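Novice: Two chains, two frames, a set of hints: combine them into the complex.
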Amino acid sequence: MIAYYFNLALRSFRRNKALTALMVLSIALGIGASMTTMTVFYVLSGDPLPGRSHTLFYPQLDAEPLRGFAPGDEPADQLTRYDAETLLREKRGDRQTLTTGGSASIALQGTTLAPFRVESRYSSSDFFPMFDVPFLYGSGWPASSDENRERVTVIAKALNERVFGGENSVGRSLQIEGASFEVIGVIDDWRPTPKFYDMYSSRFGKPEQVFVPFSTSRDLRLARSGNMNCWGDSGEDPEGSEALNAPCVWIQYWVQLDTPAKAADYRQYLAQYSARQRSAGRFERPDDVRLHDLMGWLDENNVVPGDVRLQLWLALGFLVVCLVNTVGLLLAKFLRRSSEIGVRRALGASRRDVFFQCLVEAGTVGLAGGVLGLGLAQLGLWAVRHQPASYAELARLDPVMLASTFVLAIAVSLLAGLLPAWRAMQVTPAIQLKSQ
Amino acid sequence: MLNMRQVTKVYRTSLVETHALRSLDLLVEEGEFVAVTGPSGSGKTTFLNIAGLLEDFTGGEFSLDGENVKGLSDDARSRLRNQKIGFIFQSFNLIPDLNLFDNVDVPLRYRGMPAAERKLRIEDSLGMVGLSSRMKHFPAELSGGQQQRAAIARALAGSPRLLLADEPTGNLDSQMARSVLELMEDINQQGTTIVMVTHDPELAARAQRNVHIVDGMATDLSVEPGLMRAASAPVDGAHDTRA
Numbered sequence: 150m151i152a153y154y155f156n157l158a159l160r161s162f163r164r165n166k167a168l169t170a171l172m173v174l175s176i177a178l179g180i181g182a183s184m185t186t187m188t189v190f191y192v193l194s195g196d197p198l199p200g201r202s203h204t205l206f207y208p209q210l211d212a213e214p215l216r217g218f219a220p221g222d223e224p225a226d227q228l229t230r231y232d233a234e235t236l237l238r239e240k241r242g243d244r245q246t247l248t249t250g251g252s253a254s255i256a257l258q259g260t261t262l263a264p265f266r267v268e269s270r271y272s273s274s275d276f277f278p279m280f281d282v283p284f285l286y287g288s289g290w291p292a293s294s295d296e297n298r299e300r301v302t303v304i305a306k307a308l309n310e311r312v313f314g315g316e317n318s319v320g321r322s323l324q325i326e327g328a329s330f331e332v333i334g335v336i337d338d339w340r341p342t343p344k345f346y347d348m349y350s351s352r353f354g355k356p357e358q359v360f361v362p363f364s365t366s367r368d369l370r371l372a373r374s375g376n377m378n379c380w381g382d383s384g385e386d387p388e389g390s391e392a393l394n395a396p397c398v399w400i401q402y403w404v405q406l407d408t409p410a411k412a413a414d415y416r417q418y419l420a421q422y423s424a425r426q427r428s429a430g431r432f433e434r435p436d437d438v439r440l441h442d443l444m445g446w447l448d449e450n451n452v453v454p455g456d457v458r459l460q461l462w463l464a465l466g467f468l469v470v471c472l473v474n475t476v477g478l479l480l481a482k483f484l485r486r487s488s489e490i491g492v493r494r495a496l497g498a499s500r501r502d503v504f505f506q507c508l509v510e511a512g513t514v515g516l517a518g519g520v521l522g523l524g525l526a527q528l529g530l531w532a533v534r535h536q537p538a539s540y541a542e543l544a545r546l547d548p549v550m551l552a553s554t555f556v557l558a559i560a561v562s563l564l565a566g567l568l569p570a571w572r573a574m575q576v577t578p579a580i581q582l583k584s585q
Numbered sequence: 124m125l126n127m128r129q130v131t132k133v134y135r136t137s138l139v140e141t142h143a144l145r146s147l148d149l150l151v152e153e154g155e156f157v158a159v160t161g162p163s164g165s166g167k168t169t170f171l172n173i174a175g176l177l178e179d180f181t182g183g184e185f186s187l188d189g190e191n192v193k194g195l196s197d198d199a200r201s202r203l204r205n206q207k208i209g210f211i212f213q214s215f216n217l218i219p220d221l222n223l224f225d226n227v228d229v230p231l232r233y234r235g236m237p238a239a240e241r242k243l244r245i246e247d248s249l250g251m252v253g254l255s256s257r258m259k260h261f262p263a264e265l266s267g268g269q270q271q272r273a274a275i276a277r278a279l280a281g282s283p284r285l286l287l288a289d290e291p292t293g294n295l296d297s298q299m300a301r302s303v304l305e306l307m308e309d310i311n312q313q314g315t316t317i318v319m320v321t322h323d324p325e326l327a328a329r330a331q332r333n334v335h336i337v338d339g340m341a342t343d344l345s346v347e348p349g350l351m352r353a354a355s356a357p358v359d360g361a362h363d364t365r366a
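In order, the protein sequence lines correspond to chains A and B. All you need for our numbering is the position in the first sequence, starting with 1, plus 149. All you need for our numbering is the position in the second sequence, starting with 1, plus 123.
Rather than coming from a laboratory, the hints here were simulated on the basis of the structure. These numbers come from a predicted model, not from an experiment. Every residue, glycine too, gets a C-beta built ideally from N, C-alpha and C. Zero decoy hints are in this set.
On the chain A side, residues computed to face chain B include the following (Cβ under 8 angstroms):
1) Tyr153
2) Arg160
3) Glu489
4) Val492
5) Leu496
6) Gly497
7) Ser499
8) Arg501
9) Asp502
10) Ala579
Chain A is faced by these chain B residues, among others (derived, beta-carbon under 7 angstroms):
11) Asn172
12) Ser201
13) Asn216
14) Asp220
15) Pro230
16) Tyr233
Far from chain B by the CB rule (all over 12 angstroms, computed), these chain A residues:
17) Pro278
18) Glu331
19) Asp337
Just chain B, same shape as in the assembly (with noise of 0.2 angstroms):
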């Protein structure tokens, strides 16, 4: 689903050059639920706007879904980001002044779907997520948990192939935050790739496979025999944190 190969990511400014990833290799495979853990810093979360398309590379090749995303026009990358991506935010990003119908609907808008299917995945996505009563509010009036909640409908209901999560517990309580967290293990059991980047030990052992990023360079640290492992040699710093 996710293939990086020696993916290097640099910023440069007339003064200095950050070497944001060195040599990243990752493989996921379809129907993963992989967590990217590592210190602030480290490149986690260069790692997620690159793997979303949201970012480009400066070495390396990366493949999405087999399609090589390197030097795709923007209008190729939103298109594909847009069919085959769904985003979880940390802090949700839900757009304040949309009603939660209509928040669930930007996503399907830039696919020019029909109104009466746009309509129809609005509300299964909300149903699925437990906010069939709430179609009609607006963001402001909801709680966090209900909110992240929102955002994971608006991330599914153009049926992704992968879901990307940038801490998607981390504004909510812990009650939240478990039931969020089931409600992603709900959607990965039904087929859905997972990458989630997250600072929660705890939240990184539910899934199948940890990365660990250190460095900008990742370390494969899963249990699951068989699936692909991070190429890159050991790096410093890494931890084996099993699940």
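So here's chain A without its partners, still in its complex pose (with noise of 0.2 angstroms):
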């Protein structure tokens, strides 16, 4: 019967054209504008590693002086170095690393290819596999390369595409800052959305384009980037405030707990943790440590913007306008016809057949909905990517939202349909028949 109703559905709109033409324009603003503002909450609110976010977690200890303390505060954003060496060194969790942001100049000896900039990463070597980095070329360097602060490097495709030609350069040799690396792997394309790894630089930028062990990074002072706090003199280290032992918190750190109790016991090893430093005179302010996982982490620090939050809530508003201006159409449409549902009750038709060649006509008028809103939202987007936003370029469509266009178009028309298709079944046969 469904395929008969929605013939049914066909006709009724080829007879009402332009009855048929403004429910459909009303379902299709309602949906272009909420999924265009869905989107982009979706690209923005995404979990970058699915399946793996919820055993990554990223820990925060109170290493800032007792003078400017209220009871309350959080604790920093980011470690100091010799805390995340030290967390490192340990190892209690599954995988760890420390990371943080820089910039650095490339060239290739032997040719003529200007030396240029680009942001670089400085990790140790759990970086690859806690994050899931996927390499066209070779791999991620070993523990041994930290610990030998060995010059090797991993880059970027696009890196590789525009120094080596896009041929596999795993051993060949780049200068980076002047001294020579040899390249040990070259990543696939690869963009978590948002950049969960470094809420301190581009958030939703792209990933750096080489990478070079952090205690290699250190001993050649390669330049570094992103948001750091000091609360003291670091003192005569040449290092200054990226000493081992500076007043200063700029790492990010993460480590990967596989499961549930690991993390618990984690918690409490950076409780101990924090209790130790305090014996030790290092930290002052009472023991408060946190532990995030990368999806509360990414809640912690409002990824999505508040803009975007409003816009969202906004167009789901309109969206609600135009489901009602469309329960009104669809009712005046039902019952203009309430002569035709007589005389299919007499033919045999139950109110249930009644009420679902209503819902399927319903639908297929959100079907078309759909379609168009599908353009306006792609027009949205369009829009949205010309906008002077981190996020802008990211504002596309992908299958998952493509497809919930369509649910979300059917499902309001569906809705919209309900009052009017129980008040279309409701029709007394008797009267409208002896009205005729």
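Specialist: Here you go:
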């Protein structure tokens, strides 16, 4: 019967073209606006590592001095180099990595390629397996490279194409800040959104082009960038605020804990570590350790901008207005057909048959509204992509949102059709047949 | 085929109670052609709506083809209506944006019949009323007589046991009315029970039996011996209209 009802719906559309067009337009406008904002929201609030994010944690320690402390203050967002290197050395997680961003000049000896600067990242070896980084050639460096401060590098596909013409460059030499590094891996297309591992550089930007062991980066004093908060003098150390014992937080630290039990143990470990540091006189504030999982950390950092949330609510409000409008139009449409409904009832249609016929018609309006709404959403996303926002270029419909557009359109129209269909099935056939 | 005993129908509003049928008794045997007459407002249409399961009754007993219809669900009444009853209306009630083929198809669709069987029945029904060549025509493209023939084809397509006709010739000129009536007589000859509501005494005279409804009560004025009569007592205003 669904096919029959669908056929009847199409005939009904042909009969009332203007009314149908109004309904389709109403649904399409609501869907277009909603899907535009929902897509932006979805892109920004998505899980950058589906299936793994629940095992990745971001620890926080409160290493700042007692001066200026107020109860309830949040601990610092990043770790000191000392704490990060100690946690890394003690290896209490299944995997762990410390990381920070920077920039470096790139050159290739023996070529005419002019040196250029790229964004760089300095990490420890577990960075690649922890974050599921895909490799085109080679792999990440082993832990021994961290310990031995080896001059090895992993580069992004784009840099490999620019410097090596896209060839397998594993084993080739690359000049980074004038020092020679051996390429040991080339990362394939990889764009975690948001760039969760560092909330202090472009949150929705592309990953860095060059990856170097953190220990090596300190050896060579490679330039770093990003947020740094210091509360004291670094003394005579030539590394200044980046020195091992500098009173500065600037390192992001991630730990992989594969089970909830391990996460609970790690929390305990952090508390003990904090207490130990307090006893040693390094920490002055009351113990306050935090351990957010990846999605919790993104929430903590309000990774979805407030204006995007507001736009989403406004668009959903607009969808409700369109829904109410469609309810009115469907009601008018169905009740105008009361005489036909009366005839159908006389010929054997039950109330349920009438109800489903009307719902199929409403769903068909939704399908048409979904197609038009999809076009409007694409137009809306095109407009978003031309906005000067860091996330602008990410605003695109993926297959999930494409399917969601139709699901939402049909669901909304079915919802809009419920009341009119219920009213239509209540039509008294005897009265309609007599009034003809 | 149709057995009503002490059937009443009361329409209630907050201000007034209207007794449309008062203890109506009527038995229509299988294969009969019964005309139901009566003045305007006498309850003829209410009777027809109740007989066609389009409206519920307030009191009494009513069985259709041996099945007690009291308290049946909407689904069950719709199924019964679809399988056993055909309707012919004064204003034809064809669906304007369906062609004749699709109009006749409507009751068969609700019966869940396979497409091939539906096609066969539609073609047979339209052939029987002489509209084989008009299957793709829309109601607006036909004369009143042709529309009523199409409505009869639609009523017959499902092979109903009972045909209910409400002033079937009321909107037709005399020549077309005659042709429609002859068609109904043919249908009755083939075994279909017909109950026809009409104002027209000439039309009523063509039926085997006349039942007169006045003030919501029926009087059977049939001349055919042996057929069931209306069991109610004669009412004021009843007239003998023996055919």
